[in-house]
Amino acid sequence: MSLTYVLNRLLSVILTLFLITLVTFGVTNILPGDVAMMIMGTQSNPEAMAGLRASLGLDDPLIVQYGRWVGGMLTGDWGNSLIFRQPIAVLLGEKIAASAIIVVMSMTIALSLAVPLGVWAAVHRDKWQDTTSSSAALLGVSLPDFFWGIVMILVFARWLGWFPSSGFVDPAEDFMGALRHAFLPSLALGLGLMAHLTRMTRSTMTGILEQEFIRVARAKGLAERVVVWRYGLANAIGPVITIAGLQVGYLFGSIIVMESLFNYTGMGWLTYQALLNRDMPLIQATVFVIAAVVMLTNLLVDLLYLAIDPRIRLD
Amino acid sequence: MKKFRTSKGLIGVVLVALILIVGLFAPVFIPPEAATAMNMTARLSPPTWDHPFGTDQLGRDLFYRVMLGTQTSLKIAGAAVLMSIVIGLPLGMISGYAGGRTDNVLMRLVDTLLAFPALLLALTISAILGPNLQNTIIAIGIAFTPYLARIVRGEALRVAQMPYVEAARSSGTTDVMILTRHILPNIMPAVIVQGTISLAFAILAEAGLSFLGLGTQPPAASWGLMIQASRDYLDIAPWTALVPGLAVALTVLGLNMFGDVLRDVLDPRSK
Amino acid sequence: MKRRDFLRNSTALIGGSVVVSSAMFMPTALLAQDTPVTGGTLIWGHSETTQNLDIHQTGTASSSRVLQNIHNSLVTVDENLGVIPQLAESIDVSDDGLTYTFTLRSGVLFHDGSPMTSTDVKYSFERVKDPATGAVSFEVFNNVASIDTPDDLTVVITMSSVNAPFLSRLAENGAGAIIPVGSGDTQGTTPMGCGPFKFARYEVGNVVEMERFDEYWDGPAYLDRVLAREISESTTRLTGLRTGELHMINDIPLDRVGEIEADPNLQVVSWFPLNFDFVNMNHNYEPFQDARVRIAFDMIIDKEALMQGALWGQGATSPSAGYPSAASYNTDLVQRPQDIEGAKALLAEAGYPEGSLNIVFKATTNYPYHIETAQILVEWFRMAGVNLTIEQLTWADWLSQCWIDRDYQMTMMNFFALWEPDYLFYSVWNSTGAFNYRGVNDPVIDELTERARGTVDDAERAEVYKAVQQQIFDEAHDIVLWFRNGTIGAQPNVMGLDTVVHPNGSNLNFHKVWLAA
Amino acid sequence: MNALVSVDHLRVEFPTDGGTVVAVQDVSFAIEPGETLCVVGESGSGKSVTSLSVMRLVEFGGGTIASGSLSFTRTDGTQLDVAKASPQVMRRLRGNEIGMIFQEPMTALNPVFTIERQLTDGLILHKGLTREAARARALELLQSVRIPEPERRLRQYPHELSGGMRQRVVIAMAMACEPRLLIADEPTTALDVTIQAEILALINRLKREKGMAVLFITHDMAVVAQMADRVVVMNAGKIVETGTVADIFEKPQEDYTKSLLAAVPKLGEMAGKAVPEKMRLIGDADARAVEAAKTPVARKPEVLLDVRNLTTRFPVKGGILRRTVANVHAVEDVSFTINVGETLALVGESGCGKSSCGRSILRLIEPESGEVWLGGRDIGALNAFDLRRARADMQMVFQDPFASLNPYRRLKDQVAEPLTNFGIAKGPALKARVLDLFDRVQLPRAFLNRFPHELSGGQRQRVAIARALAVNPKLIVADEAVSALDVSVQAQVLNLMMDLQTDLGLSYLFISHDMAVVERVSHYVGVMYLGRIVEIGPRAAIFGNPQHAYTQALLSAVPVADPRQRKFRDDVRFKPITSPIFPTGHAAEPSVYFEVAPSHLVLQN
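Protein chains in written order, with this note's numbering: chain E, 252 to 566; chain G, 13 to 283; chain U, 43 to 559; chain Y, 245 to 849.
Keep in mind that the hints were calculated from the coordinates and are not lab data.
Check the hints yourself; a few may be wrong.
To be verified - In silico SDA-like links for lysine to any residue, alpha-carbon gap of 25 Å or less: (1) Y/Lys718 x Y/Phe580; (2) Y/Lys561 x G/Leu118; (3) Y/Lys371 x E/Ala351; (4) Y/Lys328 x Y/Gly306.
This structure is a prediction, so every number in the text was calculated from the model and none was measured.
Could you put the whole structure together from the sequences, leaning on the hints where they help?
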């Protein structure tokens with residue numbers, strides 16, 4: 252049954268993706284201004300701009316542009332960025348890889364902090380440990396992530412000098428370098444993600460620790476450590492990962508600010524540049540790809556859940 | 013009301029009350045000019061007797077700014093959350109209660125919106141609408157709506173299966189009555205709790221949008237705008253960030269604790 | 043005033059302050075200053091993102107700043123802003139001002155090794171002239187009737203009517219940049235010309251890498267490579283300089299210049315002017331059609347205090363937008379001093395008593411100091427009984443609303459200091475000017491700017507432009523505030539920084555820059 | 245020789261925000277080796293806390309043993325006071341010398357670990373076995389609890405096993421290290437009656453074979469009668485009475501014990517009685533006199549409800565297009581009639597379709613086919629508007645008194661809701677009618693303005709009944725309406741329902757799994773199995789002369805509250821219930837009955 256389930260989810264993902272193309276295309280065309288204006292800036296004059304506009308193909312009817320866009324995407328021709336003059340497919344390839352490092356790293360950081368903290372809080376529910384852990388987690392979300400980003404830069408780059416303050420390094424050329432460059436933005440993002448994950452881990456674990464099988468495990472004489480961290484956590488991982496998957500959407504919003512701050516040129520940066528410069532093909536492509544990645548991540552998480560939790564595995 | 017007496021509940025209630033009082037009464041006691049008056053001879057001044065919280069890059073008093081900013085921040089966050097509730101609540105409730113095709117269509121729409129990161133959505137919306145307070149509220153409100161709709165739908169789905177709903181239906185209660193009298197009161201606790209937590213996120217969202225020039229327009233004060241303005245001076249004048257940051261932190265902390273407690277208090281079974 | 047007086051090499055300043063401190067802090071620069079060394083990679087923290095790398099198309103300062111090192115132009119300007127030949131050896135202008143004959147330098151090679159000839163010049167100029175190219179400077183060639191290439195090293199341009207600023211316009215904005223025949227389509231992604239550096243690599247948003255072109259006609263550069271890392275976040279850029287990740291950065295945050303100058307381990311180069319700023323009033327908005335309102339608004343503003351407040355003193359106020367060291371700069375003008383009461387009276391006289399004006403001031407977040415300026419203005423305007431509300435706009439929104447749609451009441455903008463007076467005054471203040479987004483419609487200015495175009499004599503032309511400045515000031519068509527300093531912060535081992543700033547104040551030229559060991 | 249366990253003046257407290265709650269106080273009892281001690285009591289009696297204290301598991305629920313001792317004789321003969329032992333010693337005791345099984349087999353197993361892992365980890369921990377040895381032992385254990393295909397089960401996850409099988413696994417787990425004491429906390433409460441019989445028999449057999457003692461916690465006097473050697477009766481955290489099972493059932497000393505026993509219907513005690521009989525209640529004499537005044541009456545001859553060939557199916561969606569690939573045949577060709585003033589009971593085990601049948605009649609779920617005639621109207625043919633009106637004639641009372649009332653509305657509003665819906669009463673009339681309804685279900689008027697959480701389970705069920713009565717219905721569908729209630733409360737509510745029937749001429753469709761209760765209250769009984777009625781007829785005929793194999797099995801599995809009628813000494817095994825899911829297009833055969841006696845019908849297989 253699980254194959255049908257996967258296909259089913261895939262079908263609904265495709266349907267949603269189609270809706271996303273419509274929304275994206277519709278919205279980008281309501282955006283005031285266009286790329287010709289941005290290319291020329293305050294050096295522009297009407298005649299020059301008309302010429303540029305025509306040469307960029309901005310004068311075609313919308314339906315033609317939509318058809319060309321969707322058709323192009325299906326055939327693998329994503330067109331060129333009007334502002335950067337690069338093939339969008341190439342740009343996306345580079346930037347997705349860059350952002351993937353940050354997304355994975357920040358999620359890893361967030362999970363490795365949030366899960367122990369959440370479990371700790373659940374075990375000591377309503378005690379001082381609980382309050383401490385929730386407060387610590389909340390601190391991360393109490394201040395905007397760009398605040399944490401600047402603090403990271405100051406502390407780890409400027410004062411301690413442990414990590415570079417900005418930039419992106421291609422992991423294919425220098426893997427450790429790439430990780431070092433991604434670390435600070437990931438840490439800042441991770442702090443922001445942590446709060447919600449801690450909360451969810453706590454509430455999931457609280458529920459699980461009240462389950463009968465936990466009492467059964469204790470009645471078997473298993474050590475509390477085993478009961479909580481093995482019997483309990485094995486059940487909490489699924490829901491926590493699902494939340495983590497949903498967080499990916501939030502993360503792709505946060506990287507817009509964070510990548511700009513760290514001059515880490517990934518998808519967030521590219522999307523923001525595209526938006527700022529009214530580079531319609533690039534806006535459409537980046538927004539669509541982000542939405543698609545978010546959806547596919549959630550699909551992936553569901554499948555992962557499928558693999559983790561035997562209850563859902565069969566049907 | 014016993015639940016309020018726990019230490020966590022007490023902290024939450026006190027913080028929220030404090031913030032509400034400041035938000036309501038600060039503008040009564042502090043003239044608006046106090047937040048915008050500049051002093052070029054005391055730029056980025058650390059806390060002193062004259063300026064207990066220090067000053068910002070234009071020599072404006074941070075104490076007055078953070079006090080007067082409270083109302084602005086609460087207004088934006090409150091209105092945005094209210095908007096997400098006004099749209100998301102009926103949407104989620106109908107989706108969860110009606111089920112079937114209606115549910116499918118509505119949730120597909122919600123999914124589509126959810127696929128766009130909230131900040132990206134808010135960014136695009138305000139790029140279209142233009143930057144002002146009202147549009148910031150709309151942008152944050154719309155961005156939050158799908159999350160709320162999802163939560164409400166889940167709750168409505170759960171409540172719709174409760175025997176008391178079935179009992180109401182079997183005693184001839186109309187759908188509208190079931191929605192308003194039975195489902196609504198039972199999902200309200202979840203909505204209120206989600207609302208308090210969203211408030212905290214909305215305050216931060218305003219800060220995020222300020223980063224991009226949306227949100228409150230200077231020289232008016234809001235916490236988000238203050239944090240945003242402080243980012244160039246964090247290393248030489250950390251108080252410019254810490255003052256509004258602490259205000260947001262205390263509010264978020266207070267609202268979260270308050271939300272947790274509210275969840276317990278609103279449950280009639282727990283009294 | 044010569045602009046050179048404004049150029050300060052901070053090494054000299056440091057030298058002065060080092061005397062009292064220990065020799066350990068003696069910058070190596072002082073020791074090895076006069077013996078340039080070849081080699082090394084300079085990492086430059088560039089303040090802006092480069093976009094389209096086509097020198098003809100791009101209108102953004104960011105791309106030009108980099109492309110300056112890849113391309114050479116037919117003509118350029120010297121330190122005194124006089125037009126001098128660059129790729130041309132000599133220029134001959136006919137007496138009637140209708141025929142320009144350029145003799146090209148021989149032995150100039152493009153980066154692909156091919157020699158530059160007159161056909162390349164013809165190709166380049168025709169490309170700019172063609173509206174379909176979408177070149178920002180295409181109007182420079184408006185009056186060009188024909189471009190002839192009698193031989194490989196001669197280009198003859200015939201004008202249909204006199205266009206006095208033609209040569210100086212050719213020296214600006216990439217209008218005169220020469221690219222090889224047929225390379226137009228690839229310039230946007232792989233720019234190629236005959237400048238001192240070859241284009242090597244472009245990672246969008248991250249870095250532009252250039253390497254030395256050994257066959258450069260004016261002798262090879264010292265640096266092996268220049269890595270222009272694009273770091274638009276100013277705090278981050280500054281941190282990069284402080285941690286030593288970057289050799290140099292341009293555009294030090296205004297409030298930090300003093301701090302970096304005081305740091306014995308860093309050097310600062312600052313120059314004047316980088317750009318001018320002015321407050322704009324939309325002439326199509328009813329209250330601003332009355333000169334008294336505009337003058338009153340001018341009187342509300344204390345420019346010096348505003349400059350200290352918004353620029354942290356990094357600039358100098360000016361009543362005119364004319365290039366300060368240019369011959370055409372009107373030195374007789376004096377900014378109106380702040381006079382709130384006078385302004386109130388004038389406004390009342392114009393029919394706008396206290397509290398009757400509610401004006402939206404649109405400022406772009408692209409220039410954070412514009413936001414600061416606006417905030418300070420709000421306070422003064424409130425004192426004068428004018429209610430100013432700020433609306434922050436992204437760059438795109440500012441361009442679309444203020445520049446294109448002219449949908450605003452008040453705003454402010456900066457332009458890179460335009461030393462070429464026709465380009466400046468005609469474009470910005472002529473009623474048909476391309477940059478007249480305020481809707482200025484002053485017959486006096488229109489007449490004067492047209493007349494200047496036909497005036498071949500330089501001194502005579504300068505006088506006409508002085509009159510233009512007087513008229514702009516008298517009518518307060520705009521409120522000119524100041525010229526802003528440009529700044530570079532660098533590690534002490536970056537040498538030759540006195541040559542890096544192009545006379546136009548915006549472009550950076552790394553030909554003579556070198557790294558001490 | 246020492247007692248295996250000797251509990252002395254145990255006191256357990258739970259500190260809460262509102263002060264300390266004493267859950268158990270002054271509890272003393274002993275368990276001898278090899279005996280079964282049943283602790284019986286209603287909810288809140290402290291019986292579970294007592295059992296958890298023996299394992300010292302109570303502290304994980306926030307409780308503390310405030311005073312008293314719990315002496316346990318260890319395998320080596322030494323005495324250990326469990327109340328004071330170190331956590332390390334307790335861990336060695338748990339699962340090793342004391343095993344425990346719990347109420348909910350569905351949640352007692354960790355859903356993400358295999359059966360093997362859960363069976364072996366105790367063995368590896370306590371007995372130091374290798375993984376292979378532990379696996380071999382686990383296999384042995386599964387065989388000893390008689391699980392079919394034990395090898396396969398080891399590799400399976402809990403959700404792949406039925407409830408009965410899971411409880412067998414839990415028992416195997418508890419037995420793994422051959423403990424000397426098995427604590428069973430309501431081990432069969434959540435199970436169907438046939439499975440309960442199997443599990444009870446299994447516990448009895450293992451106890452006999454291994455010679456271990458059993459501490460058996462239950463609320464069900466019938467189970468006590470079947471299992472106990474000795475009995476401890478608890479109420480409100482204290483011991484009421486202790487004695488041998490015979491003494492407790494035949495010579496109860498305390499009033500509480502007596503009333504408890506009185507309220508329990510005994511299967512078979514209605515033999516030869518024509519009409520239903522009210523439950524016995526032992527309370528104050530006045531109430532008894534009032535109660536006695538009303539006696540259930542015989543049915544009237546006119547038909548109220550006529551259900552013909554009712555079929556309800558739930559689609560099982562599957563495939564990429566979410567099309568229906570199969571159907572759950574929840575109700576399959578069911579026909580019966582209920583006369584005015586009559587109670588028809590539908591009995592069967594979980595999943596047999598009895599609830600779906602009730603809901604289909606009210607069209608709370610839409611039946612696939614069939615006709616439902618109520619008072620001469622075909623309910624199935626009504627449009628939405630008329631259906632709403634028609635529902636005034638038929639009301640439902642649900643099982644869970646906690647879920648069937650809206651927690652956020654005042655009781656008077658909930659009772660008044662049907663009245664306002666149909667515009668039956670307004671203003672003062674409405675108020676008077678609500679008051680009248682409260683009186684009728686014997687609820688104090690002070691409750692009018694209260695919220696559901698302020699009421700006990702039995703009181704809530706009365707509110708639910710009042711709400712159902714508000715519109716003067718002719719038929720009430722009572723879906724497991726008393727199943728969740730303690731036995732004494734259950735008796736009160738049943739009596740109320742029977743009184744109302746006498747007074748108002750109501751008809752009941754009484755859906756229940758409890759055969760003893762059904763025998764007491766119904767005129768007619770239908771036995772459901774896999775969506776069909778397999779046997780239907782007058783109550784006396786079904787209980788006195790069951791014809792269908794399933795009816796016979798069901799009756800044989802019901803524990804009787806009489807220690808002299810012990811049923812589950814040896815292994816008991818019933819045919820497992822097969823799945824009611826069929827692929828789409830499956831043509832279900834019509835239900836064909838033959839009449840063994842007048843109106844006693846049995847399904848032909």
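Outcome of the hint check:
Between Y/Lys718 and Y/Phe580 the alpha-carbon distance is near 17 Å, which keeps this suggested pair within the 25 Å criterion. With a CA separation close to 20 Å, the supplied pair Y/Lys561 and G/Leu118 stays within the 25 Å bound. At roughly 48 Å between alpha-carbon atoms, Y/Lys371 and E/Ala351 are farther apart than 25 Å, so this suggested pair is violated. Distance hint between Y/Lys328 and Y/Gly306 is fulfilled; the C-alpha atoms sit about 17 Å from each other, no more than 25 Å.
Checked against the numbered hints above, the structure violates only hint 3.
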